[in-house]
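Asks: Single-letter residue listing:
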Amino acid sequence: MSLIQEIDFGTPIRVAEKTVTLIIDGEQISVPEGTSVMAAAMSRGVKIPKLCASDNLEPFGSCRLCLVEIEGRRGTPASCTTPAENGMVVHTQNERLAKLRRGVMELYISDHPLDCLTCSANGNCELQDAAGEVGLREVRYGYQGENHLQDVKDESNPYFSYDPSKCIVCNRCVRACEEVQGTFALTIEGRGFDSRVKPGPTNFIESECVSCGACVQACPTATLIEKSVIERGQPEHSLITTCAYCGVGCSFKAEMRGDELIRMVPYKAGKANEGHSCVKGRFAYGYATHKDRMLKPMIRARITDPWREVSWEEAISYTASELKRIQAQYGRESIGAITSSRCTNEEVFVLQKLVRAAFRNNNVDTCARVCHSPTGYGLKMTLGTSAGTQDFASVDDADVMLVIGANPTDGHPVFASRMKKRLRAGAKLIVADPRSIDLVRTPHVQANYHLQLKPGTNVALVNSLAHVIVTEGLVNEAFVRARCDLDEFESWARFIALAQNSPEEMEQYTGVPAKDVRAAARLYASVRNAAIYYGLGVTEHSQGSTTVMALANLAMATGNIGHVGAGVNPLRGQNNVQGSCDMGSFPHELPGYRHVSDDATRETFEALWGVEIDDEPGLRIPNMIDEAVAGNYRGLFVQGEDIAQSDPNTQHISSGLAAMDCVIVQDLFLNETAKYAHVFLPGCSFLEKDGTFTNAERRINRVRKVMAPLCGKDEWRVAIELAHAMGYEMNYGHPSEIMDEIAALTPTFAGVSYAKLDEMGSVQWPCDEAAPYGTPLMHVDRFVGGKGHFMLTEYVPTRERSGPRFPLILTTGRILSQYNVGAQTRRTENGFWHMEDVLEIHPFDAEQRGIVDGDLVSIVSRAGDTALRAKISERMQPGVVYTTFHHPGSGANVVTTDNSDWATNCPEYKVTAVEVRRVNALSSWQERNAQEDVSLRRVLEATPDAAE
Amino acid sequence: MNQETHIFAHDDNNAKLIRMAQEIADYFHAYPQEKAAESIASHINHFWTPKMREDFLAAAEAPGQSLTPLLQAARGGIRRKKIK
Numbered sequence: 001m002s003l004i005q006e007i008d009f010g011t012p013i014r015v016a017e018k019t020v021t022l023i024i025d026g027e028q029i030s031v032p033e034g035t036s037v038m039a040a041a042m043s044r045g046v047k048i049p050k051l052c053a054s055d056n057l058e059p060f061g062s063c064r065l066c067l068v069e070i071e072g073r074r075g076t077p078a079s080c081t082t083p084a085e086n087g088m089v090v091h092t093q094n095e096r097l098a099k100l101r102r103g104v105m106e107l108y109i110s111d112h113p114l115d116c117l118t119c120s121a122n123g124n125c126e127l128q129d130a131a132g133e134v135g136l137r138e139v140r141y142g143y144q145g146e147n148h149l150q151d152v153k154d155e156s157n158p159y160f161s162y163d164p165s166k167c168i169v170c171n172r173c174v175r176a177c178e179e180v181q182g183t184f185a186l187t188i189e190g191r192g193f194d195s196r197v198k199p200g201p202t203n204f205i206e207s208e209c210v211s212c213g214a215c216v217q218a219c220p221t222a223t224l225i226e227k228s229v230i231e232r233g234q235p236e237h238s239l240i241t242t243c244a245y246c247g248v249g250c251s252f253k254a255e256m257r258g259d260e261l262i263r264m265v266p267y268k269a270g271k272a273n274e275g276h277s278c279v280k281g282r283f284a285y286g287y288a289t290h291k292d293r294m295l296k297p298m299i300r301a302r303i304t305d306p307w308r309e310v311s312w313e314e315a316i317s318y319t320a321s322e323l324k325r326i327q328a329q330y331g332r333e334s335i336g337a338i339t340s341s342r343c344t345n346e347e348v349f350v351l352q353k354l355v356r357a358a359f360r361n362n363n364v365d366t367c368a369r370v371c372h373s374p375t376g377y378g379l380k381m382t383l384g385t386s387a388g389t390q391d392f393a394s395v396d397d398a399d400v401m402l403v404i405g406a407n408p409t410d411g412h413p414v415f416a417s418r419m420k421k422r423l424r425a426g427a428k429l430i431v432a433d434p435r436s437i438d439l440v441r442t443p444h445v446q447a448n449y450h451l452q453l454k455p456g457t458n459v460a461l462v463n464s465l466a467h468v469i470v471t472e473g474l475v476n477e478a479f480v481r482a483r484c485d486l487d488e489f490e491s492w493a494r495f496i497a498l499a500q501n502s503p504e505e506m507e508q509y510t511g512v513p514a515k516d517v518r519a520a521a522r523l524y525a526s527v528r529n530a531a532i533y534y535g536l537g538v539t540e541h542s543q544g545s546t547t548v549m550a551l552a553n554l555a556m557a558t559g560n561i562g563h564v565g566a567g568v569n570p571l572r573g574q575n576n577v578q579g580s581c582d583m584g585s586f587p588h589e590l591p592g593y594r595h596v597s598d599d600a601t602r603e604t605f606e607a608l609w610g611v612e613i614d615d616e617p618g619l620r621i622p623n624m625i626d627e628a629v630a631g632n633y634r635g636l637f638v639q640g641e642d643i644a645q646s647d648p649n650t651q652h653i654s655s656g657l658a659a660m661d662c663v664i665v666q667d668l669f670l671n672e673t674a675k676y677a678h679v680f681l682p683g684c685s686f687l688e689k690d691g692t693f694t695n696a697e698r699r700i701n702r703v704r705k706v707m708a709p710l711c712g713k714d715e716w717r718v719a720i721e722l723a724h725a726m727g728y729e730m731n732y733g734h735p736s737e738i739m740d741e742i743a744a745l746t747p748t749f750a751g752v753s754y755a756k757l758d759e760m761g762s763v764q765w766p767c768d769e770a771a772p773y774g775t776p777l778m779h780v781d782r783f784v785g786g787k788g789h790f791m792l793t794e795y796v797p798t799r800e801r802s803g804p805r806f807p808l809i810l811t812t813g814r815i816l817s818q819y820n821v822g823a824q825t826r827r828t829e830n831g832f833w834h835m836e837d838v839l840e841i842h843p844f845d846a847e848q849r850g851i852v853d854g855d856l857v858s859i860v861s862r863a864g865d866t867a868l869r870a871k872i873s874e875r876m877q878p879g880v881v882y883t884t885f886h887h888p889g890s891g892a893n894v895v896t897t898d899n900s901d902w903a904t905n906c907p908e909y910k911v912t913a914v915e916v917r918r919v920n921a922l923s924s925w926q927e928r929n930a931q932e933d934v935s936l937r938r939v940l941e942a943t944p945d946a947a948e
Numbered sequence: 001m002n003q004e005t006h007i008f009a010h011d012d013n014n015a016k017l018i019r020m021a022q023e024i025a026d027y028f029h030a031y032p033q034e035k036a037a038e039s040i041a042s043h044i045n046h047f048w049t050p051k052m053r054e055d056f057l058a059a060a061e062a063p064g065q066s067l068t069p070l071l072q073a074a075r076g077g078i079r080r081k082k083i084k
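Chain order of the listed sequences is S and Y. Residue 807 in the numbering used here sits at position 807 of the first sequence; the count goes up by one each step and never skips. Residue 69 in the numbering used here sits at position 69 of the second sequence; the count goes up by one each step and never skips.
In isolation and in its complexed conformation, chain Y is listed as follows (with noise of 0.2 Å):
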């Protein structure tokens, strides 16, 4: 695999990982906003990778990215990856 193949890919994976957090909190939608938030950044803890969350955060700090407020406001609450 080439490397412009890798950086698509990337650009890929992100685009994947904005949607993923997006259904999350789709489903989350129903409860009240900061229960809601709250719920949405637990799920995104106890699921994903350090490496997923932190490629998901980069990417909804890109230019032009755009997330619905209650993804918003569940970025906050999202654990940054451990230092080792």
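In isolation and in its complexed conformation, chain S is listed as follows (with noise of 0.2 Å):
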């Protein structure tokens, strides 16, 4: 195995329909037009010297490396700012241009340190290349001179060090910033030899860096270099994998020195994100190998005990004998399961099948329950498939985008920056959030409106967005007539049209200005390709179903399905979001979408398992939960997921896990689920992982086994071990052969194969013999079922009310270093941008409380109170707050009550009633909560014999 090196053009690669001949050293040779010469010499493997390009920036000319004649021209003009022509004849190696490349390396070189055997950058320096491949012999002008060599290091960011001495400012940090990451908190400070990188005023960490690596990537030297290399060396081998973050699914190198992971390096073939990263792929992986990991199964009779290590073998069989000592007990229905959207499709559907197939019911729910069940629900109904319509690169041609109830810059940055490449190019912005974030106002980035409605009116606003359209004849009837049911469209204009959904009279609830929804509606309205973009904003609310299905009402009505730079688009918060869901994941469906009445689909999967399949849907958490509290459901398994933290109302949660007989945790860590659980089956970080993940574009990518297990088996495994020893047999010798059942067993992923994913890269589902290489772009010419549904899409306010006791509104999120319950976040170097949750207070609301930035404040619900810091910001308009759950010691969702989506029971996280004061002790539950991570966490010392 060896490192994969992807191969630099020098300047973008150019989509054109015209091509160019022209000749290099003598080689015909056709590219695209607009291709530069320097790219269309490395077409042909012919490398020109260059420092200052690189095939993700635009090109810039300055480094005078790679200088070439061509016939017919004076001078000798930088290959990568002349595009080829016709006709071309191009040489690019000579004696002048030797010379003339060996005086420009030679300057370079008189002011950079002579250092390379020491440099952590040996054998991977562009520079050092360069110079090589010049051929430089010796530098004449000596280091007596003015230099930047004493210049000090800025080693204040945690994961990658700049040191100005080794800088040759080709400007590639800075372009990379600004065209790739869309960030611009670098440039180049003073003229002439004074120009040095700058991040702002003072140093990198206080700077605007985000610290999503592209500087890092893109310097050609060891000026921005990874600490992990400098600390361990260069690496020696890669496997392409799929980072185990967020829904953007970015593909990465992981680089390899023996089983050490040296560091993650974004892929550029990887299609979901074309070789950018985040600070979290890129560098926040050190929880995989943190000393929390737990490695060893255990088991206790009550969560009061120690936990005891025990071998595999026992795990499993006392896991067994409890689920059926349970079922035999208390019924078949008594217990279940919980996937989770952070393991691979592989994992999810061997558990499902688990309990379909050995449990025999259908209780299995995953975390999406908690996130984005109400997209699968929304856009079933009206779109005809629980799914996304685009892939990401359609919002390169997005004219207007509407992004409501998402946070990209925070939640999903990779697929943001992406976003804003498109802003800058011009494209219009319409953000619907009762927040300002980061979008709303960027780095050559303004929104055209921010609609800054208040938390659960989504419904109010998208329907006055759709009265617009409607009755100022916007919609496009042509798409409507052909596309779409005409009866279900004439009754939703009908309702639409209602005075009682116009802005005017919907400005009451959302709280805005009537012409500015009216303005909005006509932007997205009016141009040939709108994109909408959601998030849990949209989601997480009692008509978080309402809310999808009225974004897809407005889609359709407007013609934006079916064609590239339109669509609905969810973004997903977790890596595995949309595979969770596809692999049956679900209570009341089997994989694919097919509910479990379906008699059809029940015999395939019959046939194929040799068990008979309950024909009824099963519980969902919330119901598993309330039915634990009922003492009817007394077993769960709990795979990578930690509803004790992440789910709402923490304290009945707990009750429910607290009055179960057997709770299984597989997970990485002791999480605050563990706390309640009877049996700990340690589980697998991405990197010791075959498998696939689906990402928010229907994208299946692969995610490679980099090192082996730390815990000494595959998380699949478990699965099928625990179903032996409840007497139903799984046989799969290795995650592709689990991958050919659900191709077997489930239509859209008929053509997906590991053969295919190797050969493709990654291959958008459906995939099938209709369409054998994926499906960039649903609904093309027909929707899923046929036509377009309009659904009716009333506004019901919120149970949950502000009033004297509770006067304001507690909305939650996530922010850019966190991720999710913090479980991998926290366990890595990111705790130093979030070292706690906060709660964002706007100052009129603080001022009237008497409080100050940095108080500690009592957050109080009808469901429970908990204490955290004040942050006085403007992001908020009055009466509003907001805190993040990143970590499990704010109890931010002990406040949160359980009211959920109508149709799907998604928790209600956006919208909690609450009061704020100034306190100066933690919550009862805190201090409950701080004795219990002490009391129900202890672990026995290991005896000699206990563990494998």
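Possibly wrong hints are sitting among the right ones.
Claimed, not checked - Calculated pairs, DSBU-like style, for lysine-lysine (alpha carbon to alpha carbon, straight line, at most 30 Å):
#	chain 1	residue 1	chain 2	residue 2
1	S	LYS705	S	LYS268
2	S	LYS705	S	LYS787
3	S	LYS153	S	LYS99
4	Y	LYS81	Y	LYS35
5	Y	LYS16	S	LYS454
6	S	LYS227	S	LYS198
7	S	LYS324	S	LYS756
8	Y	LYS82	S	LYS428
9	S	LYS324	Y	LYS35
10	Y	LYS51	Y	LYS35
11	S	LYS428	S	LYS324
12	S	LYS324	S	LYS268
13	S	LYS227	S	LYS291
14	S	LYS324	Y	LYS81
15	S	LYS787	Y	LYS35
No lab work stands behind these hints, which were simulated from the structure alone. Since the model is a prediction, treat every value here as computed from it, not as a measurement.
Using the hints, put the two standalone chains together into the complex.
Replies: Next up, the structure:
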């Protein structure tokens, strides 16, 4: 195995219908019009020396190393900035060019330390390579003159170092920050000899840098380099795998030295990220080998007992006997499982199979219940399938983006960079969000409209947008007539045209000025390509499903379905939300979103699995907890989730967990849920897995094992062994065989195999006989179910109301550096940016309560109370407060209620009526939780013969 | 958990089921009555376990429990648990 090296063409590969033909070093070459001479040469393997050029950046022409001669032209133009033209005759190598290049290199090296042997980039340095390519043998100028060799390093960033003494001021880092990431944190300060890269007035960590790593990747020297490389040396082999954080699903080269991960480098050929990354995927992988990892199975009879390490055999056997005992005593329906969106498709598939075939019920649900289950319902009811319509690349053609209830720069940063690039190129932006998210105003991007609605009024807002479109004659009638159910459309149009849905009428609920709503609606409907992007700010409401349907209505009414630049696009929170839903994790659906009551579907599964499948839906997570509290539900297998932290109304969740006889947690860490568990089964990090993740654009990406499971067992094998212990056989030798079964049983995956994924890199479902290479764009000529369905979406205010006791509305979200419950990111250096969850409160609300920045404040709701530090912020409007839930001790979900979406029971995290007051002590829940952190997590010292 | 807590939780669960059903009814309220009632029942049949449906129907019949007319109309369409 070797290090995967990607070809750098020096300038971006252009796409054009026309080609041009030229001769380079005697060879005839045809390339798309607009291609640079440098890229044209590289397309035939002719590498022109370069330093300031990289094919993920626009040509810059500053290093003067890539000079060429072109017959009939004067001078020696830079090949990176010279477009290839028909009939050109180019010479890339001759004595004159060699002399010029040596002269340029000599100048660079005269102000560069000659410490190659001890340099961290030794063997992977473009400056070193270029010096070799041009045949530099001496530097005539010496080091006596003025130079930068004593410049001081900036070590402020936890992940990378900036050593200005090695900087050649090629500008690649500055351009990467601008063009690729879109943050504009870096600049070149000074002129001529004084020119230096500067991250603002102080250092990297205090600048606007978001640590995406684009500058580090762009740097041709050791100026910007990963600290892991400095500490451990250059990697020697790599494998392509998929990030285990958000739903963008970035492809990375996991670069290794032996079995140690040296760094994660974004993979240019990865179709979701095209070589870009964020701080989490690029750097925050340290959790995988963190000392908190639990690597041995453990059991205990009561949650107050200390954990006892046991062998895998004993753990599996104990678990099976407990689950069988519970079923014998309380009935078949008394146990179930929760699958994880952090696990692979294959792991999820076998777990839901364990439930359906070995537990013999449908009590399987997934963490998507608490995030995107309304997407599943809403898009299926309207568009016919439970998935987003576009690929990420589609945004490059969007003329207008409507971003609602999503915070892409924090939640989906790599896609946000792509959005910002399109916005800088002129696309218009409508943001609908109670909070002033970064996208509203960020360098060179400003939303045309920020519809700052009150939490809980999404339906009112989207209805009022639709009202304008219908009543002002902006409906795309041709599309509707050809593609949608006309009776349903007419019924919807009559409903939406009612005065009750007008922006003027809805303003009382939304708080958004009617004139802005009208203008935004006209903007959305006025262009050929208008795209909707949404997140949990849409779904996690009592009317989450209604909003999803309202958005689909909006897209259909304007004909924004079935072509690039348009669509309805859910931004999935976790890496495999789409996949876990696809794999039959919902209690009413078998893989491929087919209801358990469908006889034909069930028969297909029964024939292959050799067991009868229940034709009635099982319990959803909130129903499981309710039934546990009521004493009817007694056993739960939790795969890679932490419901005691992530799910709402924590005290109700913990009561339910504590009431069960056998809670099994499979995880990397002894998480909050594990405090209530009786069996702990150690899990594997994504680096230890073979499998697939499916991202928000339905792209199935390979996850490849780069190191052996630290716990000694693949996660998918655990479900198989538990099934066996319960009397049901599953036989797979490798995850690829699980995928083969998924393909055999799931029409939309019929054409998927590991061989195809290895060949294509990734594929977007549906992938079947009709679309053997996948489906980047859905609903092109017809909707999956034939016609598009307009659904009525009456605004029904949430039951959660503010009032004298609870006058503020709390809404929750995430931030860039942390991820979900923080189990992964808290165990990395990312904690540097977010040590604790804080309560953002508007200065007006703070002043009324005598609160100043940094005060400890209690947040009290009808469900419970907790205490956090206050942060005065004008991101929120008065009357609305905001927090994150990345730290378990914060107890953000102690405050959230069990209100939920009417259709799916997705919790209403985004609207909780609260009061905030200054306090001088933590809440009683927090104090009790801190005690239980110790008392419910005790582990007995291992005896010599206990573990394998 | 003692028996008393279980009984309390049972009552609490039933109240929650009534509330959930009412929220489903609130959504379909925009549709004509007959279609709305049919859709409410279909939704509950589609997503609720047989036990939840039975508990709901029992709770709906409890003395003092009043359902909205639309939810009342949907009741008849809710599938009963199969006797296996």
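Asks: Given the hint that S:LYS227 pairs with S:LYS198, test it: the Cα-Cα distance must not exceed 30 Å.
Replies: holds (19 Å)
Asks: Holds or violated: S:LYS324 and Y:LYS81, Cα atoms, limit 30 Å.
Replies: holds (24 Å)
Asks: Keeping to a limit of 30 Å between CA atoms, is the pair of S:LYS705 and S:LYS268 held or broken?
Replies: Judged against 30 Å, a Cα distance of about 20 Å means the pair holds.
Asks: Is the Cα-Cα distance between S:LYS324 and Y:LYS35 30 Å or less?
Replies: Answer violated: S:LYS324 to Y:LYS35 is near 43 Å, above 30 Å.
Asks: Is the straight-line distance between the alpha-carbon of S:LYS324 and that of S:LYS756 30 Å or less?
Replies: violated (40 Å)
Asks: Measure nothing beyond the straight line between the CA atoms of S:LYS787 and Y:LYS35; if it is 30 Å or shorter, mark the hint as holding.
Replies: holds (20 Å)
Asks: Does the structure keep Y:LYS16 and S:LYS454 at a Cα separation of 30 Å or less?
Replies: Roughly 26 Å separates the two Cα atoms, so the pair holds.
Asks: Taking only the CA atoms, is the gap from Y:LYS81 to Y:LYS35 under or equal to 30 Å?
Replies: With a Cα-Cα distance of about 23 Å, the restraint between Y:LYS81 and Y:LYS35 holds, given a limit of 30 Å.
Asks: Hey, Y:LYS51 versus Y:LYS35, does the alpha-carbon distance stay inside 30 Å?
Replies: holds (25 Å)
Asks: Is S:LYS705 close enough to S:LYS787, meaning Cα to Cα at most 30 Å?
Replies: Roughly 43 Å between the alpha carbons, so the hint for S:LYS705 and S:LYS787 is violated.
Asks: CA of S:LYS153 to CA of S:LYS99, is that 30 Å or under?
Replies: violated (33 Å)
Asks: For the pair supplied as a hint, S:LYS324 and S:LYS268, confirm whether the alpha-carbon distance does not exceed 30 Å.
Replies: violated (49 Å)
When the structure is compared with the earlier hints, violations turn up for hints 2, 3, 7, 8, 9, 11, 12 and for no others.
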